[in-house]
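Enquirer: Residue strings, one per chain:
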Amino acid sequence: MTDAAAQALRPRAEAEAARLAPLLARADHLAGTVLLGEHGRRRAGQGDDFWQYRPVQQGDSRGMIDWRRSARSDAEFVRQREWQIAQSVMLWVDPAASMRFASDPGLPEKADRARLLALAIAVCLVRGGERVGLTGTALPPRRGQAQLSRLGLALAEDSVEDYASPDMAGLLAQGRALLVSDFMGDLDGVRHALTQAADRGVRGVVYQVLDPAEEAFPYRGRTVFESMGGTLTHETLKAGDLRDRYLARLAERKDALVSLCNATGWRYGLHHTGDSAQSALLWLYRALDQGAR
Amino acid sequence: MLGPLAFAAPWLLLALAALPILWLILRAVPPAPIRRRFPGVALLLGLSDDDTVTDRTPWWLLLLRMLAVAAIIIGLAGPILNPRADGEAASGAPLLIVTDASWASARDWSAQVSVIDELLADASRSGRAAAILDLGDPEPPRFQAAETVRARLPGLAPSPWVPTPDRYAVAAGMLDENAVETRWISDGLDHAGRATLLEALEARGPVTVHESPRAILALRPAALSDGMVDLTALRARPGPARDITVNAHGLDPAGVPRVLATLPMTFEADAAQTTGSLSLPPELRARITRFEIAGASQAGAVTLTDDGLKRREVALIAGREEREELELLSPLHYLEQAFAPSADLIEGSLMDVLPANPDVIVLADVATLSNAEETALSEWIDAGGLLLRFAGPRVAASDVSRRQEAPLMPVRLRAGGRTVGGAMSWGDPKTLAPFPEGSPFQGLAIPGDVTVSAQVMAQPDPTLSERVIAQLGDGTPLVTRKRIGTGQVVLFHVTANAEWSTLPLSGLFVQMLERLAAASAVTPPDAAELAGTTWQPSRVLDAFGRLDDAGTRPGIPGEALLDAPLGPDLLPGLYDGPDRSVARNVIAADTTLAPATWPARIPVDGLARAPEQPLGGWLLAAALILLTADIVASLALSGRLGVGRAARTATGVALALCLGLAAPQTARAQDNDARAIEATSEVVLAHVLTRNDQVDRAARAGLRGLGRTLTFRTTVEPAEPIGVDLERDELAFYPILYWPITTDQPVPSGDAYAKLNTYLRSGGMIVFDTRDADIAGFGASSPNGARLQRLAEPLDIPPLEPVPDDHVLTRTFYLLNDFPGRHQGRDVWVEAAPPDAERIEGMPFRNLNDGVTPVVIGGNDWASAWAVDERGNPLFSVGRGYAGERQREMAYRFGVNLVMHVLTGNYKSDQVHVPALLDRLGQ
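Heads up: the sequence lines are chains A and B, in that order. For my numbering, count along the first sequence from 1 and bump the result up by 2. For my numbering, count along the second sequence from 1 and bump the result up by 4.
Chain A extracted, bound-state conformation (with noise of 0.2 Å):
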């Protein structure tokens, strides 16, 4: 690396991190605040939750035998706890452009939001003791503070493409994945990502966050519609006229999702920018725990 592009990432690394300092602490306060209602829910029986019998199978130590059970039949079984192992949580928050619009200047952005929400729920696994990573290969699940700060990092990275689709590659089974998107894009990607996902036993959650203006098209006139990227254009003479014909659009794309989450078994979620982040991530943290269990 040239001298003048080390002293040129310096600048951008700061900046990024300055960014990140204030995300991660209203991820932390939005999750301190979600915490205070279920805290010692889960903790004190960590590992201790009973699961299931299973017959014992080869290369299960014979300490790891019930014998209590056991006696009663003439096999042997292993009896399972819960949360012995950690959960592997894989997040895939969209860094498309299309998810840096707000229609108003009091609204945050899509993206904002989403990485608000997203790493407000790592900070609440991290607590609860689950790994948390990213999907794709840059960012493995791991637990403590330190990926916190990891994630936070990775997710202030911009994409420049329009759309942009999830990454399932090294999704670990079973484990519990949350896409945040607009799902703006092509489906395709999102219903390759789910049943891949879905093959490998991972479940999760879909939440799609839709900025409010979106939802509600209030736009008239003459127009020409531009992607955020800039990469597509649509010019219409009368924008009201177009306005039912894009909301029936948007529903099917709605309901287009829906069923791809219930076929797969993921969960589906809907967030609008104009509402309270708070209670986002209280659904999300349900959401994401039913899928646990």
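Hints listed in this document are in silico derivations from the structure and should not be mistaken for laboratory results. Wrong hints could be hidden among the right ones.
To give an idea of the chain A side of the interface with chain B (calculated C-beta under 10 Å), a few residues [to be verified]:
#	residue
1	ASP30
2	ALA98
3	ALA99
4	MET186
5	GLU216
6	THR225
7	PHE227
8	LEU234
9	GLN280
Which chain B residues stay away from chain A? Per the calculated CB distances, all over 10 Å, these [unchecked claim]:
#	residue
10	LEU18
11	GLY44
12	LEU49
13	ASP53
14	VAL117
15	GLU203
16	ASP311
17	THR467
18	GLU470
19	GLY581
20	ARG875
21	THR908
C-beta atoms are modelled at their ideal positions from N, C-alpha and C, and glycine is treated no differently.
Chain A is fixed; fit chain B onto it per the hints.
Expert: Same frame as chain A, but now just chain B:
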């Protein structure tokens, strides 16, 4: 010319013909598209428009633009309203402006001046000489360049009188023989003698009259009848019915001028005058200084009041009246008869009547007065009261003023008095000698049948002769007087009834009392009475009806005061005489108003001349406004302007345009409101701004850290802390004020301290933190401690004591033994427990502090221990290692306890009684 409209450049109007072409062009061009970023465009791809026709500009927008363009074209063509026809004053003769300039002109004075100004401007343009003849105080007209005359115009003012025939004649004599064109600015009233001047002027050239058609109102002097104040208002031109309001002005008891009473009056249709009467209590009536028709603002509508409206208050006090005797023998009967027509009588004991501050107190045969009465009476006399004493058997028998002169007696008295002309004495009853020179009674005729048969005798003293104001034929004093301060004591050496003399039976008695100003005359003074006196003006009225100080104006001889016409030498106003004041008003009781009548040959103009008005500017401004509206409408139409944002923008623009200078205050007020809402919608911890940035930041960070701790650990979830400026901000919103002490912070103002004290009394808590760990040794040893003493001095702080072990602050949330902050373990001071607080048997705590301590004073620098940055990391180190963290934790616990204490009061203290209460209930 189109009626009253003319154009400077009429050919420009041809451009209006191009408007239809513009219409077609604008109609053909659709509005430009907006480029809009929208992630959902992916969903739009492939959707086609149903209607392939472009959105056209709507007709109303086109109309708006057309109107704007038309306004520009017409505006540039230079339209003028009321164009002045040239050559109106073509004659080259000099211009003579004659103005009545009387009080009746005052109301329309500005209009008259502007007419004169315009006339002079015209004359100046045509190069004519001009002069002004002011009939209020005529001087020979000197013709000068019109501009020169115009420069002196501001010095022209109406006079508070009307021109007399003499003055008209004088003015006519001042004219020279040259031809002049005359403009007469009339005051609208008919004045005798005006014809002479008019004739003289007509002989020299044309005369035009300018006159306001508005009716002139006037008010006659107020008169008193049967205790009611009668007022008569006049108007010069009878016309339709009209309501007016007459205000009575005067000083209120605090000495502030204000309207004391109002009287609505109505002119019937075609009536030239109307009357009304006002019923007022005497005290209020005496305060009235003038009546004024509301809104008339000229001297004729003002009438000053003098002593005529006042009725004296006379207190009559007799010696003990336990005797049952005939009414006619009562010592007060004759006095009552003498005073009743002209004065209000007060009866009661001396100490009861003194607070009513009567003008005169009569003591009939009262000898001794208690010390308190004597002191009070002396003060009252000093302030101008008149004490009128009558002798009698008791005075004669008492020792009052025997050895030395009593303060409230004019002379020393001999024991016993004397009786003359009785059955057991020699000589005849004595008659009165003529009143001596300098006596107030001088000049009164003495009836022959007034005799004195008994009297108390004055002891001969060096001062006696100057105190005698009436004596008997043999030279013995009958009435003596002594001045005390601004008041006086007068002693009649006889009784007030007919026992000792026949004086009370005669008319002379009443006259003497009147002369003593005891019975002030309600009737106006007559000329004979005024002869030879000099009256000093005290307040004078100008033409606009305003009262000014008379300054050093010379006195007026009494003969002239009532009858002489008003003029420069005799201004309307209030004149002070020896013992009374007389008001000379513009309108006398018999004045009538008549509108001016002019011969038919004289043209009469109004004052209002429609001025030439160029309309071009207005039209161009209208075009600008239309174009602005067009911009907003176009933006709104093409969707570039969200409706909400449009409203906001419009509001902003309107605010900026309309409010102008008022905007900062409004912004400030909104700011205050926003702040109040912010402070009250959640619990907010506040700190006092010390103007030291570092300390303020630490305090803010500290409260933020404390708030975060509270949020995580308790149900209290404070919002972001707020810094409070004691001078500006309302304190009532904050449950707790953290006040770090710095040596250089300014001492708050008195207002701020008042706010702080209110705050403390109404349940607020201030935490003083000297931040130097050195308060407790009784403070003043450190600079911050000294500053704290200085700052807290004006505060309403109760007695303090170091926090006792059983104070509720030690157990509102956590159980605490000490209260460390960044520093460890100094004493913290709170409101002292009441001395009678005792430990109840079986209770761990004393029963005390039924309330929240209003102050907590310490020096442990808690804010620094609490302080965290945005991410929740501590800002300052506390102690070392684990012990330091423990100390920080304790500081947080103290903070939690503190906030809990403020928010829950003695709730936790009461909690300890619960077992006892349950125990009792169980029984």
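Enquirer: Does each hint fit the structure? Answer for all of them.
Expert: Going down the list of hints, with the structure as the test:
The closest approach between the C-beta of ASP30 of chain A and any C-beta of chain B is roughly 7 Å, which is under the 10 Å cut-off, so the hint is satisfied. At its closest, the beta carbon of ALA98 of chain A sits 9 Å from a beta carbon of chain B; the interface hint therefore holds under the 10 Å criterion. Of the supplied interface hints, the one on ALA99 of chain A holds, with its beta-carbon coming within about 8 Å of a beta-carbon of chain B, less than 10 Å. Checking MET186 of chain A against chain B by beta carbon gives a least distance of about 5 Å; that is within 10 Å, so the hint holds.
Taken as an interface hint, GLU216 of chain A checks out: its beta carbon lies about 5 Å from the nearest beta carbon of chain B, inside 10 Å. The beta carbon of THR225 of chain A comes within 5 Å of a beta carbon in chain B, closer than 10 Å, and the hint placing it at the interface holds. Residue-level restraint check for PHE227 of chain A holds (minimum Cβ-Cβ distance to chain B is 4 Å; threshold 10 Å). For LEU234 of chain A, the interface hint holds, since its Cβ comes within 10 Å of a Cβ in chain B; the closest pair sits about 5 Å apart.
Because the closest C-beta pair between GLN280 of chain A and chain B is about 12 Å apart, greater than 10 Å, the hint is violated. Against chain A, the non-interface label of LEU18 of chain B holds: every CB pair exceeds 10 Å, the least being about 36 Å. Consistency note on GLY44 of chain B: stated as away from chain A, yet its beta-carbon is not over 10 Å from all of that chain's, at 5 Å minimum. Against the 10 Å criterion, LEU49 of chain B falls within the reach of chain A, whose nearest CB is about 6 Å from its own CB.
At roughly 5 Å from the closest C-beta of chain A, the C-beta of ASP53 of chain B falls inside 10 Å, breaking its exclusion from the interface. For VAL117 of chain B, the non-interface assignment is confirmed: its Cβ lies about 58 Å from the closest Cβ of chain A, beyond the 10 Å cut-off. Annotated as non-interface, GLU203 of chain B keeps its C-beta farther than 10 Å from every C-beta of chain A; the closest such distance is 81 Å. At the 10 Å boundary, the C-beta of ASP311 of chain B stays outside the reach of chain A, the nearest C-beta of that chain being 75 Å off.
At the 10 Å boundary, the C-beta of THR467 of chain B stays outside the reach of chain A, the nearest C-beta of that chain being 94 Å off. No Cβ of chain A approaches the Cβ of GLU470 of chain B within 10 Å, the least distance being about 94 Å, so the stated non-interface status holds. Against the 10 Å criterion, GLY581 of chain B stays outside the reach of chain A, whose nearest CB is about 80 Å from its own CB. Taking the minimum C-beta to C-beta distance to chain A, about 4 Å, the non-interface status of ARG875 of chain B is violated against the 10 Å cut.
Separation of THR908 of chain B from chain A is adequate, the least Cβ-Cβ distance of about 20 Å exceeding the 10 Å criterion.
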